[in-house]
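**Q** Line by line, the protein sequences are chains E and V. Residue numbering for the first sequence follows the numbering used here, starting at 699 and increasing by one per position. Residue numbering for the second sequence follows the numbering used here, starting at 33 and increasing by one per position.
Where hints are given, some of them may not hold.
Said to hold, decoys possible - Using 30 angstroms as the maximum straight-line C-alpha spacing, the simulated DSS-like pairs for lysine-lysine come out as follows:
id, chain 1, residue 1, chain 2, residue 2
1, V, K89, V, K41
2, E, K707, V, K89
3, V, K103, V, K41
4, E, K707, E, K755
5, V, K103, V, K89
6, E, K771, E, K707
7, E, K755, E, K713
8, E, K763, E, K707
9, E, K720, V, K103
10, E, K771, E, K755
11, V, K41, E, K763
12, E, K707, V, K103
Unchecked claim - Here are some chain V residues pointing at chain E (derived, C-beta under 7 angstroms):
id, residue
13, D58
14, E84
15, G132
Stated by the list, open to error - Each pair of labels, with its calculated beta carbon distance range:
id, chain 1, residue 1, chain 2, residue 2, range
16, V, G128, E, T703, 25 to 35 angstroms
17, E, T805, V, R141, 36 to 46 angstroms
18, E, G764, V, T143, 40 to 50 angstroms
19, V, G128, E, K755, 21 to 31 angstroms
20, E, T703, V, L101, 21 to 31 angstroms
Derived by calculation from the structure, the hints in this document are not laboratory data. Note that this is a predicted model, so its numbers are computed, not measured. Note that beta-carbon positions come from the ideal geometry of N, C-alpha and C, so glycine has one too.
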Amino acid sequence: AQRVTQPEKLLSVFKGAPVELKCNYSYSGSPELFWYVQYSRQRLQLLLRHISRESIKGFTADLNKGETSFHLKKPFAQEEDSAMYYCALSTIQGAQKLVFGQGTRLTINP
Amino acid sequence: NAGVTQTPKFQVLKTGQSMTLQCAQDMNHNSMYWYRQDPGMGLRLIYYSASEGTTDKGEVPNGYNVSRLNKREFSLRLESAAPSQTSVYFCASITGGADGELFFGEGSRLTVL
Numbered sequence: 699a700q701r702v703t704q705p706e707k708l709l710s711v712f713k714g715a716p717v718e719l720k721c722n723y724s725y726s727g728s729p730e731l732f733w734y735v736q737y738s739r740q741r742l743q744l745l746l747r748h749i750s751r752e753s754i755k756g757f758t759a760d761l762n763k764g765e766t767s768f769h770l771k772k773p774f775a776q777e778e779d780s781a782m783y784y785c786a787l788s789t790i791q792g793a794q795k796l797v798f799g800q801g802t803r804l805t806i807n808p
Numbered sequence: 033n034a035g036v037t038q039t040p041k042f043q044v045l046k047t048g049q050s051m052t053l054q055c056a057q058d059m060n061h062n063s064m065y066w067y068r069q070d071p072g073m074g075l076r077l078i079y080y081s082a083s084e085g086t087t088d089k090g091e092v093p094n095g096y097n098v099s100r101l102n103k104r105e106f107s108l109r110l111e112s113a114a115p116s117q118t119s120v121y122f123c124a125s126i127t128g129g130a131d132g133e134l135f136f137g138e139g140s141r142l143t144v145l
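Bound conformation, chain V alone:
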């Protein structure tokens, strides 16, 4: 049981390049999330998807787009990367209920030069 799988684990981009982070979960969870982790800022929500076919903005959505391809997959796209998007990105999915538990991927470290 793989849980939440993210690819790639590491990526270096030049300013202006585009890329897509892929995420898949095999736990049959409805809701999925993309967070970024920055020193001193904690985890900030970029986008989330409550269910297949729906996506919503989180706290820091500018510069990103997402696609909920199906129940398993939720991708994050940077159309024109900027140095401010250098970060560690985490995908997560959640069990049901108000006290649901987030399951995280291993993270993707992105550097934009």
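Bound-form chain E, shown alone:
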């Protein structure tokens, strides 16, 4: 079965410090992985997807198939990065479905 695990429910770092939000997945096929973010009083929205290998708002995420991980990183945290972050795995078995992790609430302290 497909599974996404985010081991940290809460993560707190100081402004300017590096940030790493962990995500591990379990999937027998070729994974399509995403990070979604929910800022305060905003909708859940896509932050980045591994297939595009892009950096969004200074965040990057590398798919490591050997470790089955897709950790989200940013070298210098900013206060506006405070939000709820969800890692998600896309599967297509008849229809496309996204399986989400438990989420990590990131707080950036001034």
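Please build the complex by placing chain V on the supplied structure of chain E, with the hints as guidance.
**A** Same frame as chain E, now just chain V:
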């Protein structure tokens, strides 16, 4: 362009009451989804609809029914609400392709007393 619209935004029910959450999207997406969000549990898929006329169970379908009324609309019904269904419900639709992007509604906060 409204995207995904959910109603109502807030609802309080008594145990045993029924209600329907409405969802509509104007992006011409084929697939639509209902998720619930609970602290420490993340987002869990309740039901989804790959296309108009089809619906399938997700991870936590018990206690819910859905209707894909047409390509735009996908409703979620609670026939006999229970306190365990207190949650925030999100409707979403998705662009095509394996790397499709989910577009979410604003969420509906439901409390069952």
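**Q** Which numbered conditions among the earlier hints are violated in the structure presented, ordered from lowest to highest?
**A** 9, 11, 12, 13, 14, 17 and 20
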